[in-house]
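Peer 1: With the hints as constraints, model all of the structure from the sequences given.
Residue numbers (our numbering), protein chains in the order written: chain Y, 5 to 552; chain U, 3 to 336.
What the hints contain is simulated information worked out from the structure, not anything from laboratory work. Errors might be hidden in some of the hints.
As the list claims (entries may be wrong) - Some chain U residues well away from chain Y (every beta-carbon gap over 10 Å; in silico):
(1) Leu11
(2) Phe19
(3) Trp28
(4) Tyr64
(5) Tyr155
(6) Leu243
(7) Arg255
(8) Gly266
(9) Phe313
Said to hold, decoys possible - Calculated cross-link-like contacts (lysine-lysine; reagent style DSS-like; alpha-carbon spacing at most 30 Å):
(10) Y/Lys253 - Y/Lys497
(11) Y/Lys151 - U/Lys54
(12) U/Lys54 - Y/Lys126
(13) Y/Lys89 - Y/Lys368
(14) Y/Lys151 - Y/Lys86
(15) Y/Lys318 - Y/Lys300
(16) U/Lys72 - U/Lys54
(17) Y/Lys249 - Y/Lys235
(18) U/Lys197 - Y/Lys235
(19) Y/Lys78 - Y/Lys253
(20) U/Lys124 - U/Lys94
(21) Y/Lys155 - Y/Lys92
(22) U/Lys76 - Y/Lys126
(23) Y/Lys318 - U/Lys54
(24) Y/Lys92 - Y/Lys496
(25) Y/Lys126 - U/Lys72
(26) U/Lys124 - U/Lys241
(27) Y/Lys235 - U/Lys241
(28) Y/Lys151 - U/Lys65
(29) Y/Lys155 - U/Lys54
(30) Y/Lys155 - Y/Lys424
(31) Y/Lys235 - U/Lys94
(32) Y/Lys368 - Y/Lys86
(33) Y/Lys255 - Y/Lys78
(34) Y/Lys368 - Y/Lys249
(35) Y/Lys249 - Y/Lys78
Beta carbons are placed, not taken as given, at the ideal position from N, Cα and C, and that holds for glycine.
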Amino acid sequence: MRGIAVKIALLLAACLVTLGVAGSGSGRGTLVFGGSADPTYLDPALVSDGESFRVTEQIYEGLVQLVPGKTTIKPELARSWKISKDGKTYTFFLRRGVKFHDGTPFNAAAVCANFNRWFNFKGPFQDASATFYYQSIFTGFRRNESKDLGKPLYRSCRARGAATAIIRLTRTNGPFLPSLSLSAFAMQSPTAMRRYGANQGELRSGVFRPTGSYAFEHPTGTGPFRFVSWKVGEKVELAEYKGYKGDNKAKLARVIIRPISTATGRLQALQAGEVNAYDLADPAHLSTIRSNSSLKVINRPSFNVAYVTINAAKPPMDKLNVRKAVAYGLDRNRVVQSFYAGRAVVAHEFMPPGLLGYNPRVTKYPFNPERAKSLLRAAGLTLPVEIDFWYPTNISRPYMPNPKLNFEAFAASLEQSGFKVNAHSAPWRPDYVAKVNEGSAGHLNLIGWSGDYGDPDNFVGTFFQDYNPQFGFRNARITRLLNQGEAEFNLKKRAAIYRAVNREIMNFVPGVPYAHTRPALGMQKRVQNYIASPTGSDRFFPVSLGGQ
Amino acid sequence: MLRYVVRRLLLLVPILFGLSVLVFFWVRALPGSPAESLLGERATPELVQAYKERYGLNDPIYKQYWSQVKSWSKGDLGTSVATHRPVWEEIKDRFPATIELATAALIFAVGLGIPIGFIAAKRYGGPVDHASLFVSLIGISVPVFVLGIILKYLFSVRLGWLPGTGRIDVTITAEHPTGFYVVDAIITGDWATLKDVLKHLVLPAIALGSIPLAIVARITRAAVLDVQNEDYVRTARAKGLPPFIVDRRHVLRNAALPISTIIGLQVGLLLSGAVLTETVFSYPGMGRWLAEAIFNRDYSVLQGGILFVAFVFVFVNLAVDLVYALINPRIRYS
Chain Y
5 MRGIAVKIAL LLAACLVTLG VAGSGSGRGT LVFGGSADPT YLDPALVSDG ESFRVTEQIY
65 EGLVQLVPGK TTIKPELARS WKISKDGKTY TFFLRRGVKF HDGTPFNAAA VCANFNRWFN
125 FKGPFQDASA TFYYQSIFTG FRRNESKDLG KPLYRSCRAR GAATAIIRLT RTNGPFLPSL
185 SLSAFAMQSP TAMRRYGANQ GELRSGVFRP TGSYAFEHPT GTGPFRFVSW KVGEKVELAE
245 YKGYKGDNKA KLARVIIRPI STATGRLQAL QAGEVNAYDL ADPAHLSTIR SNSSLKVINR
305 PSFNVAYVTI NAAKPPMDKL NVRKAVAYGL DRNRVVQSFY AGRAVVAHEF MPPGLLGYNP
365 RVTKYPFNPE RAKSLLRAAG LTLPVEIDFW YPTNISRPYM PNPKLNFEAF AASLEQSGFK
425 VNAHSAPWRP DYVAKVNEGS AGHLNLIGWS GDYGDPDNFV GTFFQDYNPQ FGFRNARITR
485 LLNQGEAEFN LKKRAAIYRA VNREIMNFVP GVPYAHTRPA LGMQKRVQNY IASPTGSDRF
545 FPVSLGGQ
Chain U
3 MLRYVVRRLL LLVPILFGLS VLVFFWVRAL PGSPAESLLG ERATPELVQA YKERYGLNDP
63 IYKQYWSQVK SWSKGDLGTS VATHRPVWEE IKDRFPATIE LATAALIFAV GLGIPIGFIA
123 AKRYGGPVDH ASLFVSLIGI SVPVFVLGII LKYLFSVRLG WLPGTGRIDV TITAEHPTGF
183 YVVDAIITGD WATLKDVLKH LVLPAIALGS IPLAIVARIT RAAVLDVQNE DYVRTARAKG
243 LPPFIVDRRH VLRNAALPIS TIIGLQVGLL LSGAVLTETV FSYPGMGRWL AEAIFNRDYS
303 VLQGGILFVA FVFVFVNLAV DLVYALINPR IRYS
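Peer 2: Next comes the structure, spelled out in structure tokens:
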């Protein structure tokens, strides 16, 4: 028996030695990237999540694109464009000689086919779970099937020859052009979409799902990488598109994007060499990454805002002086300096610096407990003023790595400033977010926003253009200015309008912005030319891999 | 025997019915609803309300249950709100991964647990016995996810000996006709892939198999101690049979019944332990999928996934019961 035991031990040891060679690595020219989840599917018109866009950004191109690392736009499939005097007609002059991955030509007819496809969506495709971004920008379809949908922004598209597409809108709209940089409005091969059933879909138990194979097996764009395969839970594999015509030619032969759901898991995969780079790094892990001589941290430019909601529908927050007292009572400097590891700046308005219409001269509210108390007394209140303050649990957001720490510091500074804070918390999703959105998360709550595309409407328009139960107020002047800003297409005029909006908002104090953060990515030092996009929609075409 | 099998299969009906009720109400007792999960953090209260109205989430709970039962009876387990894929399709993709991992963990637990328990019993009271008891205690006490994190940190991150993420090196392009990667690699004769898949199985299998290993070792030790003092063992030794034959024919064979019972019970533990192990190792199986479904309030996935796992568990138990008869001819089912 002793002999058997020895043999088993030797066999196990042999197995471990045989299997235990160096950890898996990636070959030269192949970037293995760690995301947090699988894409939903790969038809960009039908998704709204970052992990789907991470893949579609590589496969597809839009008429315009973001300048790498910025939120301004530049030409992509359109060489240039012209806007009519009335602001309702956009003429796009297209790049010539471009072909989709299936070999069919990209031309003005293909542009019109894409716009008309979105406009003509019906049935399950009109569900918000299918066409979130189309509905956000274009507001309605040719035949709306729900009373919640609005009058469509799009009127028509006409191809003039092969290289000129003329888009007509029903009204002027400032966000239209910048929003075309969203992957949701990328150009897809009409032939492939027809052949593989891109316009087939169903709603099952309220969940939209394409039923054709296009969005799973045949996504076809003009981008620098073409689709190879997708194994759910494991990887999406892309390969360089050899027939690519344009400025964004891929330097890598292959890209593999794999889902690793936890930040710790992604960090360990990077340390073990199982991925070359990963996104959504936990700020607490950055020192670990920096301490490794073969790894580095890449900063994503700030394109978010963390803020404290003030619900004006809940007295005494309906009083301006009380809202101002909250603003003076929040020690934002302390929170940003203590809990953001040098990765944030104090926010003074609801959009990040650098965005069109950012106003450096809005009213600022430095921490001042005495001023807060006198404002509360001026409002006729007896101190301390009791308020409910909510924060989320089980979550780390790019703009709020540890909500509980933020909450505790804010609660302490508010108590110094004449308030008595009742703490409330709930798990982030779906409980907390639902409460904030429906306006039932107390007088104050912690929340934030990451932008989708480079337009001020995506920040202040989203928050304040219509009545929003989260903030619980109506302000005709702010609404009018935001409507003007949305309709204006002249950039100078738009900038002036949004500067005025920001001033107006910070005088009204519907909430208190407190941080703009820089999220981070972890990667091997051999990953070169990785440019992080503020919106999170990174493109891999300039990336190359150096030696080990 | 056939009547027994049929009776056990019929018993599945009330078991699954009871489970379906339990799971249905448990999932709905969780705060929040799939509406918010599906529509995301940008959902307006109006959208959430419209969704709930449209899909009957505001209906009385018994109506919701009845409508669910009707769907199940048509073989429709629903669609995941997170991945937008039919639950049945997800199960088909992920179940082979979990089975492969559970099998590897079971091989690890049984392959080491029986010899350790046997040797400990033979060296009763000695240092080997004490060492085995100590190791068993550690195996049972350390939570699976803690052991998983330690193993991953040590062997993957620090030493770089073994991969700690996923099921296969993502740079490998291989055919997967059955979904069982080990089997696929053998069928296609792709030995490089087989080696890689086995490498990916080592750490999660050790983490997942640690508790079953400790239990199997302790039960084996106890069973062997019981049996080796029986009269028939003494008689066999007195007849002059070599110790190896006595151990194999008389001791191990008779100790096998309690060991096989405990191994059968470990299958349930392996399936539930997979939730944590697969999360730590980003292993694309049923466990990680169910864990994510809890956070997403993914009703269809939770219901369909749990019912499916329960179904498998009941079948495995039936199989274990039938195996008893093969191991011990004294057992007869009627």
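Peer 1: Given the hinted pair U/Lys54 and Y/Lys126, is their Cα-Cα distance within 30 Å?
Peer 2: 21 Å, holds
Peer 1: Is the Cβ of U/Leu243 farther than 10 Å from every Cβ of chain Y?
Peer 2: 14 Å, holds
Peer 1: Checking the smallest CB distance to chain Y, is U/Phe19 really beyond 10 Å?
Peer 2: Non-interface label stands for U/Phe19: nearest chain Y Cβ at 21 Å, farther than 10 Å.
Peer 1: Keeping to a limit of 30 Å between CA atoms, is the pair of Y/Lys249 and Y/Lys78 held or broken?
Peer 2: 17 Å, holds
Peer 1: Taking only the CA atoms, is the gap from Y/Lys155 to Y/Lys92 under or equal to 30 Å?
Peer 2: 15 Å, holds
Peer 1: Since U/Arg255 was said not to touch the interface, does its Cβ keep a gap of more than 10 Å from each Cβ of chain Y?
Peer 2: 15 Å, holds
Peer 1: Are U/Lys124 and U/Lys241 close enough, with their CA atoms no more than 30 Å apart?
Peer 2: Status holds; Cα separation ~20 Å.
Peer 1: Measure nothing beyond the straight line between the CA atoms of U/Lys72 and U/Lys54; if it is 30 Å or shorter, mark the hint as holding.
Peer 2: OK: U/Lys72 and U/Lys54 at ~19 Å, within 30 Å.
Peer 1: Sort out whether U/Lys54 lies within 30 Å of Y/Lys151, counting only the CA atoms.
Peer 2: Given pair Y/Lys151, U/Lys54 holds - Cα atoms ~16 Å apart, limit 30 Å.
Peer 1: Need the status of pair Y/Lys235, U/Lys94: alpha-carbon distance at most 30 Å?
Peer 2: 12 Å, holds
Peer 1: Starting from U/Lys197, check that the Cα of Y/Lys235 is at most 30 Å away, please.
Peer 2: It holds: about 20 Å lies between the C-alpha atoms, which stays within 30 Å.
Peer 1: Is the hinted pair Y/Lys368 and Y/Lys249 satisfied, with a Cα-Cα distance of at most 30 Å?
Peer 2: It is violated: about 49 Å lies between the C-alpha atoms, which goes past 30 Å.
Violation of the numbered hints given earlier is confined to hints 5, 10, 13, 14, 15, 20, 27, 30, 32 and 34; the remaining hints are satisfied by the structure.
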